[in-house]
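Heads up: the sequence lines are chains A and B, in that order. Note that my numbering gives residue 312 to position 235 of the first sequence, counting from 1, and the numbers run on in steps of one. Note that my numbering gives residue 681 to position 242 of the second sequence, counting from 1, and the numbers run on in steps of one.
By construction, these hints were calculated from the structure, which means they are not laboratory data. Just so we're clear, the structure is a prediction, and the values are computed from it rather than from any experiment. Just so you know, even glycine gets a beta-carbon here, dropped at the ideal spot from N, CA and C. It is possible that part of the hints are untrue.
[As the list claims (entries may be wrong)] Which stretches of chain B does chain A cover? Using the computed rule of at least three CB atoms under 8 angstroms from a CB of chain A, they are:
1. 443-450
2. 520-528
3. 584-597
4. 601-612
5. 722-730
[To be verified] Think about it this way: if two alpha-carbon atoms lie no more than 35 angstroms apart in a straight line, the pair counts; the simulated DSBU-like pairs of lysine-lysine are:
6. B:Lys734 to A:Lys127
7. A:Lys311 to B:Lys745
8. B:Lys718 to B:Lys745
[As the list claims (entries may be wrong)] Label-pair distances were calculated between CB atoms; the ranges are:
9. B:Met628 to A:Asp193: 32 to 42 angstroms
10. A:Val143 to B:Lys734: 45 to 55 angstroms
11. B:Lys745 to A:Val143: 19 to 29 angstroms
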Amino acid sequence: MSYIRIAKASWDGGLEKARKAYELIGPVPEKDSHKYAVLAAGQLPDMGFKSTKLSPKWVVFPQSEVMFEYTLDESKANHHILQEVPAAPGARAVIGIRPYDAKAIQLTKMNFDNKDYKDPFWLRNYERCTFVGLAINEPSSTDFSTSCGTGPFAEEGLDVLLVDAGDAFIAKVLTDKGKKFLSEAGFAEEAGADAAKAVEDLKAKAEAAITSKVSYNKIAGKTIMDLYDAPFWKDVLFGCINCGTCTYACPTCWCFDIQDEVKGTDGVRVRNWDSCMTGLFTHHASGHNPREHEWERTRQRFMHKLKYFVDKYDAGLMCVGCGRCVEQCPANIDIRTVCNTLNDF
Amino acid sequence: MADVALKIREIARELLDSEKVDVVIGFKKGTLPVMSEPTIIRKASDTKDLIWDATCRLNLCNYLTGRKDRIGIIAKGCDARNIVGHIVENKIKRDQLVIIGVPCTGMADKKVLSDLAGGEVTAYSEAGDQITVSGPAGEKTVSKADVLQSNCCTCIKRNPVIFDEMAGEPVEELSPDNRFADVEAIASMDAAAKWGYFEELLSGCTRCYACKNACPLCYCPTCFVDESRPQWVGKGTDPIDIRTYHFLRAYHCAGRCTDCGACEAACPMDIKMRAFTRKSIKDCVDNYGWETGMKEGVRPPLDTFKTDDPEAFIR
Ligand code: SF4
Ligand code: SF4
Ligand code: SF4
Ligand code: SF4
Ligand code: SF4
Numbered sequence: 078m079s080y081i082r083i084a085k086a087s088w089d090g091g092l093e094k095a096r097k098a099y100e101l102i103g104p105v106p107e108k109d110s111h112k113y114a115v116l117a118a119g120q121l122p123d124m125g126f127k128s129t130k131l132s133p134k135w136v137v138f139p140q141s142e143v144m145f146e147y148t149l150d151e152s153k154a155n156h157h158i159l160q161e162v163p164a165a166p167g168a169r170a171v172i173g174i175r176p177y178d179a180k181a182i183q184l185t186k187m188n189f190d191n192k193d194y195k196d197p198f199w200l201r202n203y204e205r206c207t208f209v210g211l212a213i214n215e216p217s218s219t220d221f222s223t224s225c226g227t228g229p230f231a232e233e234g235l236d237v238l239l240v241d242a243g244d245a246f247i248a249k250v251l252t253d254k255g256k257k258f259l260s261e262a263g264f265a266e267e268a269g270a271d272a273a274k275a276v277e278d279l280k281a282k283a284e285a286a287i288t289s290k291v292s293y294n295k296i297a298g299k300t301i302m303d304l305y306d307a308p309f310w311k312d313v314l315f316g317c318i319n320c321g322t323c324t325y326a327c328p329t330c331w332c333f334d335i336q337d338e339v340k341g342t343d344g345v346r347v348r349n350w351d352s353c354m355t356g357l358f359t360h361h362a363s364g365h366n367p368r369e370h371e372w373e374r375t376r377q378r379f380m381h382k383l384k385y386f387v388d389k390y391d392a393g394l395m396c397v398g399c400g401r402c403v404e405q406c407p408a409n410i411d412i413r414t415v416c417n418t419l420n421d422f
Numbered sequence: 440m441a442d443v444a445l446k447i448r449e450i451a452r453e454l455l456d457s458e459k460v461d462v463v464i465g466f467k468k469g470t471l472p473v474m475s476e477p478t479i480i481r482k483a484s485d486t487k488d489l490i491w492d493a494t495c496r497l498n499l500c501n502y503l504t505g506r507k508d509r510i511g512i513i514a515k516g517c518d519a520r521n522i523v524g525h526i527v528e529n530k531i532k533r534d535q536l537v538i539i540g541v542p543c544t545g546m547a548d549k550k551v552l553s554d555l556a557g558g559e560v561t562a563y564s565e566a567g568d569q570i571t572v573s574g575p576a577g578e579k580t581v582s583k584a585d586v587l588q589s590n591c592c593t594c595i596k597r598n599p600v601i602f603d604e605m606a607g608e609p610v611e612e613l614s615p616d617n618r619f620a621d622v623e624a625i626a627s628m629d630a631a632a633k634w635g636y637f638e639e640l641l642s643g644c645t646r647c648y649a650c651k652n653a654c655p656l657c658y659c660p661t662c663f664v665d666e667s668r669p670q671w672v673g674k675g676t677d678p679i680d681i682r683t684y685h686f687l688r689a690y691h692c693a694g695r696c697t698d699c700g701a702c703e704a705a706c707p708m709d710i711k712m713r714a715f716t717r718k719s720i721k722d723c724v725d726n727y728g729w730e731t732g733m734k735e736g737v738r739p740p741l742d743t744f745k746t747d748d749p750e751a752f753i754r
């Protein structure tokens, strides 16, 4: 494993160089918080950010993505034919993605890229990306990522892991894609022999700062129907207003809804994020709704993340412990409490 | 507020013990320092979980819709006005309810608290009218009046208008100089500035719908945003669809909104969408002398018809 030292003084210049080969995406201030956005010419990421309300999952799975378009205007070529919207060209580098968000993309990959099904839209977005992660030196109190198979310095899904070491970033090169990014940016200074130790020390410190934990060791051993029919749901989920905040904020939520939108003679087929919290989610054309009541929809969220996924993929929870849903839920429904409740049931 | 919480528990216990109600709806302590969680209590022994403080932001009337059981409900000033609205609109029957009124001195704004703490709030406590928070900026103690949600600063009814029991002594009502200074400031902008203001206001809205789902007024079985035959509004992130959602929702709330602030407290993106409903509140006051939820049995202005209505605005 090689380590590169990037003096912060050379960071901006390096990104400018990298722009020749990549479209850059990174954290930028928005109102009082931060979001991941495509960086405009001259715009630099704010690498001192704490967290983002929304994850960068939109990079591979946009909130609204036009898949096909058509026109009924007979003066145009290919009228009356549904045509795939061509993929955007070129490579992209996602700078400052957090380790738990990179892991989340790997979890959703199981859904969009598997032996039965390959989602072309998701995959073409994914394949353009180089993930240049930023380790979390000071995790928030709602971060329970170390319980979820990831952590503040985890490497899965990343091409490079940057570690903020004061006046420099130490870049741990993880893949060939990562190596290419660093060389395009001109970051080539080998970090000294003590780099690995410095990273390990910061990692140990950050992991130790995470005191929030969940237990799910007993969930896989329980039958689905016992948990599904458990008597606690209505009361545990009482406060939930089915607002969907948690699913939109969640880096692992992957549900979508496909809609046609028409204006004049032109139309598009677009896929939008969906949420199991909404009344229309899986509402059948017959009028029957298998999740008719509010609490049943919320149960779907937790059963999906904590049981169905666990059983189907045998890859742990469908949660990376980022804590966004915990922080943003207006009713303070806390997945940690729900997870522990299931585990202890 | 500690004695109010004790009183709430005592009343709730009595109501459940004597089987006057099947359940009590209130708040319990949250898992985050600045949060509380709406809860349903079925057993007298669980009433010990009930709390009361300036984190009880959500509007509990929202949890009444469509219930058939006998309910004890904790109600601050605005919740009580929304309960009146629910009774007027036939969403709940008065005799199903035992309303445990709480004279309210306002709710603390989550965002203001985190600014005060310099980021994540790691501890929160209240003593009298003082609030103490800790965070990256250290420990800070302030007067609650300085960290109130904006709607609580212009509240016209802190003492519940309707109740069966009271969990505290009445508090003094506010008399703000100009309740609608914010609305007037927007109204005085020229068209371009106004447009810019609302563009900025709605930027960042993800249409998660926390605002409508936190609101007791939004109880339609199928919201217009979910209607698919016909489809009223697109479901993507097109700015026109986002605006359509907010404008239409605001109109649906006209003459019914109590300015409880639950919508804003619920918004994860800190969008101050009360800018829309505040205008309709002012218009209802100016045009019809109407304040929502003050009296049982009076239907809201956009729901009534008078033959002697001057209709001056269309002449
Ligand atoms: S769990 Fe919380 S964030 Fe999620 S839908 Fe329910 S109230 Fe909204
Ligand atoms: S369920 Fe919550 S904590 Fe887990 S990944 Fe999703 S938003 Fe993060
Ligand atoms: S079913 Fe719900 S919890 Fe599962 S991915 Fe879809 S929106 Fe997320
Ligand atoms: S709660 Fe906020 S982000 Fe969600 S739809 Fe309402 S205004 Fe938009
Ligand atoms: S619109 Fe907002 S302020 Fe008005 S009643 Fe609904 S939640 Fe309360």
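Could you see if the CB distance from Val143 (chain A) to Lys734 (chain B) stays within 45 to 55 angstroms? holds (51 angstroms)
Residues of the segment 443-450 of chain B with Cβ under 8 angstroms from chain A, three needed, outcome: With 0 residues in contact (Cβ-Cβ under 8 angstroms with chain A), the coverage given for the segment 443-450 of chain B is violated.
Assess, step by step, whether the Cα of Lys718 (chain B) is no farther than 35 angstroms from the Cα of Lys745 (chain B), and give holds or violated. holds (23 angstroms)
If you check the beta carbons of Met628 (chain B) and Asp193 (chain A), does the distance land in 32 to 42 angstroms? Check failed, 56 angstroms falls outside 32 to 42 angstroms.
Under 8 angstroms between beta-carbons, do enough residues of the segment 520-528 of chain B, three at least, approach chain A for the coverage claim to hold? Since three or more residues must qualify, the claim that chain A covers the segment 520-528 of chain B is violated, with 0 doing so at under 8 angstroms.
Quickly compare the C-alpha distance for Lys734 (chain B) and Lys127 (chain A) to 35 angstroms and report which way the hint goes. Given pair Lys734 (chain B), Lys127 (chain A) is violated - Cα atoms ~48 angstroms apart, limit 35 angstroms.
Does Lys311 (chain A) pair with Lys745 (chain B) here, judged by a C-alpha cut-off of 35 angstroms? This hinted pair is violated, its Cα atoms lying about 45 angstroms apart.
How about the segment 584-597 of chain B: do at least three of its residues have a C-beta closer than 8 angstroms to a C-beta of chain A? Since 0 is below three, the answer is violated.
Taking a Cβ-to-Cβ distance below 8 angstroms as contact, does the segment 601-612 of chain B have at least three residues touching chain A? violated (count 0)
Given the hint of 19 to 29 angstroms, is the C-beta distance from Lys745 (chain B) to Val143 (chain A) inside that range or not? Hint violated: Cβ distance 50 angstroms, outside 19 to 29 angstroms.
Taking a Cβ-Cβ distance under 8 angstroms as contact, does the segment 722-730 of chain B have three or more residues in contact with chain A? Contact hint for the segment 722-730 of chain B vs chain A: violated, 0 residues under 8 angstroms.
Violated hints, listed in ascending order, are 1, 2, 3, 4, 5, 6, 7, 9, 11; each of the other numbered hints is respected by the structure.
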